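K.L.:
Given the structure of chain A, go ahead and fit chain B onto it with the hints provided.
There are 2 protein chains.
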Amino acid sequence: MADSSITRVDVLAKALGKAKYTDDLKFDNMLYLKVVRCPHPHARVIGINKEKALAIEGVVAVLTATDIPGLPCQPKERPILVPEIARYAGDGVALVVAESPKAALEGAEAVRVEYELLEAVFDPEEALKTGAPLVHGDNNVAAQSKVCKGDVEAGFKEADLILEREYNTHRVEHAPIEPEVAIAVPTFEGITVYCPTNSPFQVRQIVAETMAMPQSQIRLFQPTIGGSFGSKCYDAGVLASRAALAAKLTGRPCKIVYTREESIVESTKRHPYKMKYKVGVKKNGKLTAMEVKIIGDSGAYKSKTPFVISRSSIEATGPYVVPNVHTEAICVYTNNVTSCAMRGFGSPQVAYASELLMDELAEKLGIDPLKFRRINGLKDNSLSATGQVMQNVTLDECLDKLEQEIKWSSRKAELKQQDKTGSIVKGLGLACMYRGESFGSAGQGSDYAGATLQVQRDGSITLYSAMSEVGQGGHTMLVRVVSEVLGIKPSRIFVSPVDTCYVPDSGPTVATRGTYVIGNAIRLAAEEVKAKFAEVAAEELGVRPEELVFKDERIYCPGDPSKSISFSRIAAQCYLKSKSPYGYGWWSPPVGSWDREKGQGEAYSSYVYGACAAEVELDLDLGKVEVMKFVAVHDVGKALDKEEVKGQIAGGVSMGIGYALMEDLVVRQGVVKTVNFDEYLLPTSLDIHEIIPVIVEQPSSYGPLGAKGLGEPVMSAVAPAILNAIADALGTRVYDLPANLEAVLDKARAAKGRCCND
Amino acid sequence: MADSSITRVDVLAKALGKAKYTDDLKFDNMLYLKVVRCPHPHARVIGINKEKALAIEGVVAVLTATDIPGLPCQPKERPILVPEIARYAGDGVALVVAESPKAALEGAEAVRVEYELLEAVFDPEEALKTGAPLVHGDNNVAAQSKVCKGDVEAGFKEADLILEREYNTHRVEHAPIEPEVAIAVPTFEGITVYCPTNSPFQVRQIVAETMAMPQSQIRLFQPTIGGSFGSKCYDAGVLASRAALAAKLTGRPCKIVYTREESIVESTKRHPYKMKYKVGVKKNGKLTAMEVKIIGDSGAYKSKTPFVISRSSIEATGPYVVPNVHTEAICVYTNNVTSCAMRGFGSPQVAYASELLMDELAEKLGIDPLKFRRINGLKDNSLSATGQVMQNVTLDECLDKLEQEIKWSSRKAELKQQDKTGSIVKGLGLACMYRGESFGSAGQGSDYAGATLQVQRDGSITLYSAMSEVGQGGHTMLVRVVSEVLGIKPSRIFVSPVDTCYVPDSGPTVATRGTYVIGNAIRLAAEEVKAKFAEVAAEELGVRPEELVFKDERIYCPGDPSKSISFSRIAAQCYLKSKSPYGYGWWSPPVGSWDREKGQGEAYSSYVYGACAAEVELDLDLGKVEVMKFVAVHDVGKALDKEEVKGQIAGGVSMGIGYALMEDLVVRQGVVKTVNFDEYLLPTSLDIHEIIPVIVEQPSSYGPLGAKGLGEPVMSAVAPAILNAIADALGTRVYDLPANLEAVLDKARAAKGRCCND
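Heads up: the protein sequence lines correspond to chains A and B, in order. Here my numbering is used: position 481 in the first sequence is 531, and no number is missing along the way. Here my numbering is used: position 107 in the second sequence is 157, and no number is missing along the way.
FYI, nobody ran anything at the bench for these hints, they're computed from the structure. Computed from a predicted model, the values in this text were never measured in an experiment. Incorrect hints may appear among the rest.
It does not matter which identical chain is used: a pair holds within one copy or between any two.
[Said to hold, decoys possible] Derived DSS-like pairs: lysine-lysine, alpha-carbon spacing no greater than 27 Å straight-line:
(1) Lys414 x Lys336
(2) Lys324 x Lys674
(3) Lys64 x Lys298
(4) Lys648 x Lys627
Bound-form chain A, shown alone (with noise of 0.2 Å):
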């Protein structure tokens, strides 16, 4: 339609302070949880005194695994309540239940837990050794991924250079605005939770399950959220079962909210990551051979590391063309705080190696990066490291724009030409990202989406599926389809809100799946409603359905004009006619081969591309770097809304510059040391400078209206490029995450020594 941007529909409501998160719902006797943790990294519980608990005036119930109906935890997962061992410093031993937030805290801290401590293991290396103590099962291999193309020796040989690095990423939290919360309200047919989540079908098996309920009869409501970045998964699961639990044995409901706090300590992060590279390549640039070996700590549970892994062994190679590949990725579990899903998933780790040893390849053979890149960057036809022949990519078309929006080559003259002897030197750097959207071949298995629309009787529309709206634009995607299938405006458009008891499961919000799986689903779901009114149309026209075009809030005929019928008009002939006026769209992608012992095949059907350029300017007495600015180029297909797609890459590279820079969840023996944002760095508006999105449009194929997903991907690339902004002006190569001020110092008085030393 004709206005190229709107108002995010669920924005308006956040801005003035009116929309209602869980938080801010009230039930008539409503009673608090409180969870008594495990201080210790790996321990058997022995016993549990509620007796001063219970003592305590207002609390009702300490509730234990014992008192779980169904099942106290899923397969290696994070339990409900401990039943026997518990894995990390986090892990919810009991739950007081009481009158008021006040009363719970106090009962929590009334309650005493006998403990045996069990020995621990905190690096992934070590769990993997004989005699290590045993998390899991009897080798603490969580998740292993492979994909072996071709002869590494033999690519090895081939080369005139070898390098090999090692590169180290660290544990970062998601921290979303909205710490985790759930209300369950026992009702007559079963139990109604009220949660965050990106995952509202997950989140109503798990309570089901723990419960030992149907499905049918827990009701999931989704009120507003207040961000997830794939947080709120399997940790919502958690928080709405222990919230279920107290609500179906008190019989009241029941409210479970975390302080941040609590979030940081019990809740999932991003997988840290050591990652060995070894690459070959000869003179001209080309690339040889590449050997992987990914360790990354699972932490205590299994949660979604075997598809994180996945994913990270497909891409580590980066977009390039690579004859000989050879990944090996293995994730452990330790008795740290668990890794789970988070922006990206699996994708910036892997994504800040190979473009740090891309720059490093370029300048040691003296090629500029960005042509570096496009020398071995992936094109169309181009095999990738799983043997998949790549269509549509648009890497060199990012990499052109990205050239002339930052002008590479004359600022990369003049910052070679800029006085290094002050406090302050600047840098340019770059970097490229690639991206399989949805779950893939190697991913879930189960990959689908529904959604539904009904146009009312006086032509405006309710839309619903399980798409979860975690501040990212997703019902405004939705609108956006529906209002263009349909020639129709937004603003006809209610989004209603997620409720397990009516929307079709439209899958998980993850995975870049949201506009090319649930996209689709409601793309289907318009064009069912668009070809029923479209018979409706022809019959009052005189004309046949496939003449008919939606435009402008009409239909009509293009080859005679007087003949056109307004979509209100249409919507009340529909229901006069008794037609339905209901549409329901189902897409699951399609799935391609995969050989899961070699990792070869078609592992998505579709991939994002970008290229992002990072300006820093470093201080050499202090080691602060500040990203001056940021151009991050992202082909979306087609931008559905242009400013929700400039908003959603400035929020990436935002986050972005806080995992480059400052962000840092420590843990030491197993305890999380940076327990709220005094200590753990987030970036703030002070640290953002200059960020400009610019899009690229290469319709997909299978994208709904050709857009692409866009959320995760513009993550991937941004750290990267500012550490090799930071190479750039430093001379010398910060290898692991992040470039803080103590690791940026330490690279500067060594450079400095050296350059003394010249």
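P.N.:
Below, chain B alone, put in the same frame as chain A:
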């Protein structure tokens, strides 16, 4: 499935007091409304003085028609608030909004409305005369309907006997246990209305038009409903609109709940009819012609009058073959309380008249009344009054079962021998009925239902539609249909509450269309799921989908018993294979030709039939009639649940007993006099003796699994069977309803006098 009767899905919560009715809902900061009503039957509002009311502590606002942003009333319908002219003593003029019910009541009493009294008219025949006060338009005609077949004059010439009779039926109250109530909550996106109604989408439309808002921004949620009997339709729209108006203007939740008195004064009633019948019959009992004139009282507004009168004219001759028919029905505006839909919807009035007529004709001809009905009753291929070729007629089968059950001839003979010298006399009477299902070709035009079904990953099911559970067992019917189609236990299925945000428009739950139309929609939804599941199961079992049978919670191959798989497992497989587990059904009954001018054509696509007998004991000193035994035989097509069917019949018979013998809404000079249940007499359990429901099952061609509707049909033949039994006991006839103490005593005394004079 195995269990032939299940516990009704809605009933346990109700029986245990756990069901949440609208009045049970609480919202923070809620305001309370009270209506200021016009006490005059016809008046112009000259001025409204709010001052005194606004001075009362707790009164927040006094709203009038000028505060309404949209339509203050639909054309010729009862206004939300009177813009200028009040047309009956009950029209709402102003709305007091207050912090408490008490303050609202005090405020309402303090509002001073100045009226100019207008001349009023109360008698429909008077209202048709030239010069009569005009209620609407220029002739007070609310609606007219005709049925003209053959040549009645010629028919009368053929007759050996011509009988002319007049019958009057009275005005009665729906009297559901829950009076009218609505709560409106302003939300950021629009308004959410909690309201018990049988027409959620129509009520939403009224609210949207009152508020000048798109329908999709009005969310109507249906709490548990405490009965309707046709009352919770437009009446609910008025309350919902008043609550929505107050909520929007104050920004706070607003509740409006009527006392019984308010409900009786303001709400709609069953149409009172004056019916003049002229009928010709041959000695052999064959009817030759019938001329029917009906004048109905529409009261002050139009409401459903056109559709009520249309049905009455179609069904006026009863389920009999009448070669020549001339029926003219007219409904007239008066300044009485409004008439609208009520259980039976125009059928009970004409069934009453035609069945009394048949009895008297039989008596005059000396033919047994049961035999007389057999002689004239519709059979397969008979032509109805509208010229429709009738099929699947089961009147004879109903009469057979009735004859057996009541032992018609022997009991009749026994009663003939009774000693009539005491004060108690006994009588036996019968009546037949037929009724078209749903709106029919002459009906409201659009006639449709959507319904949806989603199988969850664990094989439990959520089901939703706009089917309103008004106590008739509609939700249980839906569960039954799904259970039968999918061969699964009813307990797997959860019926989600009606919420216009999600549920497909299923039309209103009225007009014997719940089972017929909505039942078919859910059948189609279940069949869609069945087809999808069969495909997945066929793949698993290595057979063709069409070989599979769904039964006993399994899907199996009858040819090879080893090939079988559980329903739950297929549900899980369906998700695993990314196959849609969703079914959507949309159904619309076949529409036949209809000549509106002559009232000829295929009036309805499906008919129900029934035959009833009543045995009464009549106290000649008191005029009191006790219905000692009532046999009700109904063709239900297929009894989806036998206990439910029996309960439905018992309820309808009880209501019919009230209609026949005691209920009477007295209105004098436009003012309702019987404003509570101390004066408006409803039957209690002490008035109900033996009720014997008998089920005939002749599968319907169109109904879901062959089932037909039953809720409304069970009303129709009750009053005439009782009145015919009274005539049998007394030897003289009561022609007008109700046959209350006074009426019966009058006749008894007159009969006695005559008897003595003999």
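K.L.:
For lysine 414 vs lysine 336, is the C-alpha pair at or below 27 Å within one copy, between two copies, both, or neither?
P.N.:
within (13 Å within a copy, 111 Å between copies)
K.L.:
Could you figure out if lysine 64 and lysine 298 sit no more than 27 Å apart (CA to CA) within one copy, between two copies, both or neither?
P.N.:
between (32 Å within a copy, 20 Å between copies)
K.L.:
Give the relationship of lysine 648 and lysine 627 under a CA distance limit of 27 Å: within one copy only, between copies only, both, or neither.
P.N.:
between (58 Å within a copy, 23 Å between copies)
K.L.:
How do lysine 324 and lysine 674 come out at 27 Å by Cα distance, when the copy is not named: within, between, both, or neither?
P.N.:
Intra 25 Å, inter 95 Å, cutoff 27 Å: intra-copy only.
The structure agrees with every numbered hint stated previously.
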